[in-house]
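A.B. asks: Residue numbers (the numbering used here), protein chains in the order written: chain Z, 1181 to 1432; chain H, 1181 to 1432; chain P, 1181 to 1432; chain F, 1181 to 1432; chain V, 1181 to 1432; chain W, 1181 to 1432; chain L, 1181 to 1432; chain S, 1181 to 1432.
Rather than coming from a laboratory, the hints here were simulated on the basis of the structure.
This structure is a prediction, so every number in the text was calculated from the model and none was measured.
Built from N, CA and C at the ideal position, the CB exists for glycine as well.
Please note that a few of the clues may not be correct.
Computed footprint of chain V on chain W; a stretch qualifies when at least three of its residues, placed anywhere within it, have a C-beta under 8 Å from a C-beta of chain V [to be verified]:
id, segment
1, 1308 to 1321
2, 1336 to 1346
3, 1358 to 1365
4, 1384 to 1395
8 protein chains.
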Amino acid sequence: MDEQRLRNLLTDLSEGRAQVDEVVRHLRAMPFEDLGYAKVDHHRALRTGFPEVVLCDSKTPEQVAGIFEALSKSAEVVLGTRADASRFEAVNARLPEAVYHQAGRIIQVGTPTVDEGVGPCLIVSAGTSDIAVAEEAALVVEATGCVADRLYDVGVAGLHRLLQHHSRLATAKVIIVVAGMEGALASVVGGLVSQPVIAVPTSVGYGASFGGLAALLSMLNTCASGVVVVNIDNGFGAGYFSAMLCRQIAGR
Amino acid sequence: MDEQRLRNLLTDLSEGRAQVDEVVRHLRAMPFEDLGYAKVDHHRALRTGFPEVVLCDSKTPEQVAGIFEALSKSAEVVLGTRADASRFEAVNARLPEAVYHQAGRIIQVGTPTVDEGVGPCLIVSAGTSDIAVAEEAALVVEATGCVADRLYDVGVAGLHRLLQHHSRLATAKVIIVVAGMEGALASVVGGLVSQPVIAVPTSVGYGASFGGLAALLSMLNTCASGVVVVNIDNGFGAGYFSAMLCRQIAGR
Amino acid sequence: MDEQRLRNLLTDLSEGRAQVDEVVRHLRAMPFEDLGYAKVDHHRALRTGFPEVVLCDSKTPEQVAGIFEALSKSAEVVLGTRADASRFEAVNARLPEAVYHQAGRIIQVGTPTVDEGVGPCLIVSAGTSDIAVAEEAALVVEATGCVADRLYDVGVAGLHRLLQHHSRLATAKVIIVVAGMEGALASVVGGLVSQPVIAVPTSVGYGASFGGLAALLSMLNTCASGVVVVNIDNGFGAGYFSAMLCRQIAGR
Amino acid sequence: MDEQRLRNLLTDLSEGRAQVDEVVRHLRAMPFEDLGYAKVDHHRALRTGFPEVVLCDSKTPEQVAGIFEALSKSAEVVLGTRADASRFEAVNARLPEAVYHQAGRIIQVGTPTVDEGVGPCLIVSAGTSDIAVAEEAALVVEATGCVADRLYDVGVAGLHRLLQHHSRLATAKVIIVVAGMEGALASVVGGLVSQPVIAVPTSVGYGASFGGLAALLSMLNTCASGVVVVNIDNGFGAGYFSAMLCRQIAGR
Amino acid sequence: MDEQRLRNLLTDLSEGRAQVDEVVRHLRAMPFEDLGYAKVDHHRALRTGFPEVVLCDSKTPEQVAGIFEALSKSAEVVLGTRADASRFEAVNARLPEAVYHQAGRIIQVGTPTVDEGVGPCLIVSAGTSDIAVAEEAALVVEATGCVADRLYDVGVAGLHRLLQHHSRLATAKVIIVVAGMEGALASVVGGLVSQPVIAVPTSVGYGASFGGLAALLSMLNTCASGVVVVNIDNGFGAGYFSAMLCRQIAGR
Amino acid sequence: MDEQRLRNLLTDLSEGRAQVDEVVRHLRAMPFEDLGYAKVDHHRALRTGFPEVVLCDSKTPEQVAGIFEALSKSAEVVLGTRADASRFEAVNARLPEAVYHQAGRIIQVGTPTVDEGVGPCLIVSAGTSDIAVAEEAALVVEATGCVADRLYDVGVAGLHRLLQHHSRLATAKVIIVVAGMEGALASVVGGLVSQPVIAVPTSVGYGASFGGLAALLSMLNTCASGVVVVNIDNGFGAGYFSAMLCRQIAGR
Amino acid sequence: MDEQRLRNLLTDLSEGRAQVDEVVRHLRAMPFEDLGYAKVDHHRALRTGFPEVVLCDSKTPEQVAGIFEALSKSAEVVLGTRADASRFEAVNARLPEAVYHQAGRIIQVGTPTVDEGVGPCLIVSAGTSDIAVAEEAALVVEATGCVADRLYDVGVAGLHRLLQHHSRLATAKVIIVVAGMEGALASVVGGLVSQPVIAVPTSVGYGASFGGLAALLSMLNTCASGVVVVNIDNGFGAGYFSAMLCRQIAGR
Amino acid sequence: MDEQRLRNLLTDLSEGRAQVDEVVRHLRAMPFEDLGYAKVDHHRALRTGFPEVVLCDSKTPEQVAGIFEALSKSAEVVLGTRADASRFEAVNARLPEAVYHQAGRIIQVGTPTVDEGVGPCLIVSAGTSDIAVAEEAALVVEATGCVADRLYDVGVAGLHRLLQHHSRLATAKVIIVVAGMEGALASVVGGLVSQPVIAVPTSVGYGASFGGLAALLSMLNTCASGVVVVNIDNGFGAGYFSAMLCRQIAGR
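Isolated chain Z (complex conformation) (with noise of 0.2 Å):
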C-alpha cells in the first residue's frame, strides 16, 4: 500500500497533476521506513545460508512446535536451543525429520550443507560438565555450513591433554574455548596461538564461582591477546559468531 502511495503520488507528478516542491513536501511527510528501511533489510538478508534459530526453553512445547512448523516451509536449517525432550517431542509429533541433538539440547530439522572450505572452527572445552555449552557452539557452527572440530575435556588441570593436540588448535580458523570454574584455558588457549579465540564461560561451578561469574570475569581479563568473550552459557553467539569468522575468512 505504501508502494502505492508513492506511485500515485509519482504519476500525479509525471503527469502535471503535481509539481515537484509538493512532492518533496509530501516524502518528506511519508513515513521513511516505507521507502528506506528494505536496504536495512536487504543487508540483513546478506545473513543467508544461517539457520532460523529458536530459543525454546521461554516457550511452551506448542509454541515451539508451531514455530518450527512455520519457519521449516522456507528456511533450509532450523535450529532450537536450549530445548528439553518434551519440547522435540512437540516438534517431532508434527516434523517427523525433526532430530534432537541431546548433548547440546538441540533440535534440528533440516540438514546443512557443509562446505568443507570453510573453517574449521575448533571447539574446546574444558570439563565434561562444559559439553552442553560446547555442543550448542558446535551444532549451531555446523547449521551454519561450516566444519566444526570438537576437542573436549582438555582442562588446564591437565595441561597435556590440551598440549597434545597441538596442530588441531594450529591448524584451526576460529576456536571457541568452553570452561566454567576458573575460565583459565580461555588465557590458555590464547597464549598458545595465533587465531581468534571466543571464550564462553559456563555456570559450570560450586561456591564462589556464583553461576558462572568467575569464569566470566576471568575471561574478560585474560592476559592473552585476541580474546574475546560472550555471556555465560551463551554457546549459541559463540558459534553464530565464530560461523561469520569462518564465513568471510572463506570468502562466503
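Assemble chains H, P, F, V, W, L and S onto chain Z, guided by the hints.
C.D. replies: Just chains H, P, F, V, W, L and S now, kept in the frame of chain Z:
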C-alpha cells in the same frame, strides 16, 4: 545536496525524462536518512523551550567555553552542569553575561522566561549534603521555564519538618525527591501525595552506602505507588523529566 | 471517640467550665492524628478513579478471594497482579464476573470506563518474553480508564520493526518501555521521542543478566534524556505512574 | 570429674603429700578450662529466664523432636524457630503440650511467665508479608517473659497508619521494626522516638530487592540516630536482643 | 503565631463569638503540625543530656565554626565528628575552649558531667587501626554523661589478650565491639558475655575486605545471640545507641 | 606409535642412514608431547597413594556407576563426592563392597591403609550444619591414608567448647576449619595454634550470608597468620590439600 | 647448551657409543622444553606484522623509554598504550622519531605500512568521552597495517546520526563499537549489520555505571547476534582482535 | 604477680591456714588467664624463628621507627611490610643497619640465618606488575630462614616460559603463585605439580578485574587440586604460611 539529488530526480520525472518505475527504484536505493530523518529531527524540535545543556566535568575549561560560545549564538538558554569555578571563569571570559550557580554547580547563559502557569515542580531534599544535586534539578527546571519550588533539609529523621509543609506537597504538579543515605524520603513523600514523584538517589553517605547504591535500591523498591527513579546524583535527568511533565500538564 | 473528647473539651470552654490556656494545653497533649490526618487521607482520596490492587503471589488463593470479595463491594474495579490460575479460580468461585488476563497474570473484577481523551499510553516491549510484564502495565493503564496502545516485539536487534511504527511513538502521551536482556530499547526510544519514557527492566535474560540487573543498570545509565526507571519486572508500577501522568495531562 | 582431680591435688598438698611448686606445676599443665571456664559458663547462666531455642529448618523432623524432648526436661520454655508443620507434628507426637504458632513458624513447649514489669517491647512491621518475621520476634520476646506489643501493617506508604499509634510508640521500652522492600520504616520510626530501635530487614520484595539486600542497606544507612540492625529475616535475633534490653532496663 | 491563631479561635469560642461545631471544623482544617507536633518534639526532648552533634567532613571549616558557635550558645556539649585539624582550628578561633580529640577525630565544646551511675559502656577494639572509630564511639558515650571503659587491641589473633580482661567484660552494662578485617571479635565477645553487644565494622583491611564489607557481613551473620550491627565506621551511631541503653538501664 | 617414530629415527642415525643435524631438525619438528609429557605424567604419578575421586552430582547414577566400575579395577580406593543415595545404589548394584558415608555424602570403594605416622589432620567445624562439608574433608583425608581427628560443633558462640580441646589443637599436624555464617572460627583457631590452618567457608547461613560469601570474605580477611582458604563448601579441596601436607611432613 | 647436550647424545648414537634404547631413555628424561617449544614460538611468530606493544601506565617513564629503545631495534612498529605526556617525553628524548597520539594516549615509534586491501575496520563510538578508548583501538588497527575508519559521537540518543552513515557500516569488514553509560550502541549496531561486532564497554558514566559495569553487562546480554565483548576500556584488545580478523579475511 | 597470688594460696593450704574447699573456691574465682594462658602463649612461642612483622602503611613514619627500635632489641629479625621510602628513612635514622627492599616494599632489620635444608619455596609470578607482591612473599620466606627461589614473569600468555623451568617447579617443596588479571597461572601450576600451591591474587588489572576480584574468584574456583588461596595482594600471608610448611616438612 541530498535534497538537490531528490529534486533533480523529480524534475526529470515531471519533465518526462524519467518514468515512475525508475524513480521508485531510485528512491528505494537512495539513503533513507536523506528523506526521512528530517521528521525525526522535527519531532525532537518539539522540545523547543528546553535549554541546551553541556556536561562540563569531562571537558577542559577551554572546551567548555568554546561550546558555550557556539551554542549561545542560537539558544535562548545554555546550561553547563557539573561545572567547577575554573570552567565558569573560562566561560565568563568569553561571555560576560554568564552566571555561576555555585550550589548546583551550574553555569548559565541567557535568562529563561519562566511561565507561571507551568508547574510548580517541588524539589524536596533530605539533608544539606544533598543540596548540590537538588539545585542541579531545580535550576534545570527553571531554565526550562517552569516554576520550581524548593523544600530542603526535610529528611525523615525529623518527619515533622516535612509534614509542616504539607500544602506545598499538595499543590505541586510534580515532585522531585533528592536523598542519599537510606533514601527513605522518596517512599515517605510518595505515600503522602497523589502526584508523580521522581526520586534521585545521591552518593551522600558513609560505609555501606556504597556510593549511593543503598539509596538507589531503596528507591527502586519503594512500597509507595507513583514513584520512579533516575541514576545516582542525576539531578539534571530528574529536572529535565519533570519539566517535560509540567509542560505537558500545562498543555505547553 | 476522639472527636467526642474534642467536643467535650470545647463545650467545656464555651460553657465556661474551662479556660483557654487549659484547652490549649489539652489540645497539645491530644493525639494529633485524631485531628490532622483526615487531611492526609483526603489527599489520597484524590486518586479516585484508580483501581484497588491486590498483590497476589504472597497470599493464598483463599486470602486473595476474600480480599477481592471485600474490595469489590465498594470499588469500581479491583485488580489482582502476579496471579496464577489457582488464585483466579478461588476468586471466580466467589465472584463469577471475575476475568483472568493470562498474559499479564492479572485477575480483574469490574469494568473500567475508558476515557478516550486520556492517553494514549504506549507500551513498547522488546521481546516475546517481556510480554507478561508489558501486559501487566497495559492492563493497569486500562483499569485506570486510560487508553493503552500496545507495540510488542520491537527489540533493537531489528530496529526497523520499531521505526516502522514511528507515528504511534509520536502520538503517545506517555511511553512505557519494557525490556530485558540488555535493556537498550529504553535508550533508543528515549532518543526518538519527546515524551516521558518509563523504563521497566525485566528479569528476562541468561547468564550475566543476573535476574534483570543488566537491564536495570542499562536503563539507569541511559544517555537519552527524559527516561526514568522502575524496579525489575514492575509492570504495575510503570502502569500506575503512567496513568497518573496521562490523567494529569488530560486535566482529569 | 575435673573438680575431683583438682580436689585430689589440693588434698595431697594440704596433707603434705605434695609440695607447692609441684602443685603449681600441675595446675599449669591442667587443662585451664577445668578451672576457669566454669566462670564463663556461670556468666552465661546469668541469662536464665531465656528459653532454649532450636533452629529447625536445617534439621529433620525426627531430630527436632528428639532435641525438644531432651531440652524440655530441664528448660522452662523451649522454642523451635523456622519450623514447618511437619516438624511440629513430630514434636507434638512426643510432647502433646507443644503449641504451633503458624504465623511466626515457631513451635513452643512450656508457658513462659510474662513479667508485666518488663517491657513492653513494641514490634512494628511494614506489610502483611513481613508478619512471619515480626511474629518470630514477638514470640521470642514473650518466651523470655517480656511484654510484647504488636503493631503490624503500618508501612510508610500510608504514614498516617503509623502516626495514629504514636502513644504506643511513646510507651515502648524498646522497638523492633520489621520491614522488607525499601525498609524505610526503620528510619521513620527512629526519627519519631527516643528509645532504641532494632531494625530487621526482611527478604520480602521483588526485582532489585535482591533477597532483602535493599532493605538491609537502607537500614544500615539510616539517617536516624538510635537504630541498629540485625541480619535479614532474623526475627529471633531481634527478639532476643530486645528481651535482653527490656530485662536490663527493668533491673531483672 | 500558630499558637496565636489557636488562642484567638478558642477565645472566640469561650466568649460566645463561635460555636463548638465551627471550632471543630476549624481545628480539622488547621495544619495539624501546629498542634500535634510539639508532642513529637517533646518526646524528642526526652533525649536531653545528649550532646548536639555536627558531622564535619562534608562541611567547610567556616561552616563548621559557624554551626559550633550557634549551637554552643544553648547546648551544654557540642561534638563535631569526622573532623580534621583544619576544621578544629576554625572552631578554635571562635571558641577558645574547644578541644580536639585527635584519635577520635572529634571537636568538643563544653564538658559533659559524667554520671558515675550510668554505664560503664565498654568499648572493645580489635587492632590499632580501629582506634579512630573506637574513640569516636567512646567520646560520644562520654559526652552523653555515661562512663566509658576502653579495651583496645584485643583482636582474636591473640585471644588471651581479650580473655585476660574478662572481669571488665563482665561488669559492663553494654559492650561496643569495633573491628575491621574479618570482624570476628564481635562473635567472640558475643559468645563470652550476656550483655547487649553493638558491633561496628570498620573499613580497616586489605584486598577482599572491600572497604569494610567483609567485616559487616561477618557481624550480620554472627552465630552469637545478642549482637546487633551499625554501619561501617559508624562509631558515632554505636556510641549514641549505647548511651541510650546505659541511661535507660540506669533509669535516667 | 610416536615412540616407534622416534625409534626409527634414532635407528636411522645409529645405522648411518641419517645425520645428526638432520635428526636434530626432525626432533625439533616432532610434536613435543610425544617426548616430554611422559615426564609431566610421571610427576603427577608421584601423588600415588591418593584415591581416585569422582564428582557425582553433575553425573547420572548410571554414569557414576560406570566410572566407579572402571576405576576400581586399578585404583586402591575410589571416592565419589557430593553423592546422594540414588547414586550410591547404582554403584552398589555393580560393586557390592561399596560403602556410603551419608554424613559426608561420599561413596567409597576400597579400604585405604591408614598410616598412623601421617597426620593427624584435625578437622574442626563450627556448627552441626557444617558437618557435611567437614565429613567430606575428613573422609578424603582418611582415604589418602592419613589419620583424621574430628572436632565438631565448637563454634565461637561457646568458645570454651573449643578451648577444652586445646591439646588436640596442639598435636595436630594440619588443621582444617569448617565454618559457615560469619566464619570467625578460622581466625580464632588460627590465633591459638602454630600449625597451618586450611579454612573452608560453608554455605550454611541465612540472609546476608549470601550463600557462603560472608564466611568466605571473613576467612580471606583473617587477622591471624597461617590461614589459607579454599572455595565455599569445598571439603574435598581442603582434605586433599591437607593430606598432601601431612604426607610431606611425614616424609611420605 | 641444551642443543649441545642433544647433539652430543646423537653423536654418541651415530658413532656407536650409545644404543637406541639408551638415547630414547635420555630423550624422555631431557627437559622437553629444550626440544619442543621452539615450535610454540614458531606459531606465535606467525603473527608477524603485528607491532610490539608496551603497557605504559604501570611502568616509570625511564622503564618505558628503555623498553622502547630495546624493542625499536628489531620491531618495525612499537606502540605504548595508556601513556601520558611524561612517558612520551622520556621516550622522545631517546628516540626523536617517536610520535604521541594524545587522543588515544599512545606513543608510536615506526610507521606501519597500511595495506589498503586489509579492512576497513570501522570504529564506532557513542560519545565524545569514549574517544580515548576508540582511538586506542583505531591506532592499534592502523599499526597492524589495516585500514581504520572512524565514526565517532553517534550514540543512540540521536539515532539518526548513526543511520546516516549506513554505507560505512555496510562496507566495513569488522566493526568495533565503543560505548560507556548504558552501552546500547553495541546492540543497535549489531542489529543493523551482518559483520562481526567487537564491543568495548568504557568506564565513562556516572552513578550506577559502576566504572563501566553497566555497559559491560549490557553488551554481554545483547539481544543482537554476532556481538562479542572485551574488557572495560580495553581498546587495545578490541583493536588487536579486529586486526587479526581483517588480516585473516584478507588472506594475509 | 599472679603466680605469687597462686603460691600464697597454696602455701596457706599446705600450712593449714586454708581448707581445700576454700582454695577450690578461690581458684574458680581467680582470673583463669593467670593460670592457663601461659600455655597458649607457650604454644605460640613454638613459632620461634619467625620474624616480628610490622604492617607499616597504616602507621606514621615515627610510629614505625619506634616500633622497630623496640622490637629489634629482642627479635633476631624485624620486617616492615607495605613500607614506603619515608618510613624506611625514619627507621634508618634510628637503626642504621636497616635495609630497604624496594621491590617488595619491605624494611628489614637483622639478618636471618637461612637454613639450606628448609625449602626451597618457589615463588612464581605472572607479570612484572605482580613482582611487588611476589617479593613481599619471597622476603618473608627468607626472613624465616627458608630458601626462596624466584621465578618471575612466566604468565600463561606465553606458556613456554613457565614450562622451560619445569625442574624448578619439580624440586620446590612449596610453591607460591602470584598473579593478577585472570589469575590463570595458579590453575596451570597446580595442574603441573604435586606439591602444595599457595595462590595470591593481586590487584593488578584493568576494568572488570575489580581490584583483584577476578583473580581471587578464579583462584578459588581452580579446577586443579592442591591449591589454596590467600587475600588479594597478601604476599606476607602466603610467605608466612609457606615458611610454616617448609619448616614442618624439614622437621624444624
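A.B. asks: Per the coverage rule (Cβ-Cβ under 8 Å, at least three residues), is the segment 1384 to 1395 of chain W covered by chain V?
C.D. replies: Check passed, 9 qualifying residues.
A.B. asks: Verify this for me: three or more residues of the segment 1308 to 1321 of chain W with a beta carbon less than 8 Å from a beta carbon of chain V.
C.D. replies: Violated, because only 0 residues of the segment 1308 to 1321 of chain W bring their Cβ atoms closer than 8 Å to Cβ atoms of chain V.
A.B. asks: Are there three or more residues in the segment 1358 to 1365 of chain W whose C-beta lies closer than 8 Å to some C-beta of chain V?
C.D. replies: Holds: 4 residues of the segment 1358 to 1365 of chain W have a Cβ under 8 Å from chain V.
A.B. asks: Cut-off 8 Å, C-beta pairs, minimum 3 residues; does the coverage of the segment 1336 to 1346 of chain W by chain V stand?
C.D. replies: holds (count 4)
Comparing the model with each numbered hint stated earlier shows that hint 1 is the single one that does not hold.
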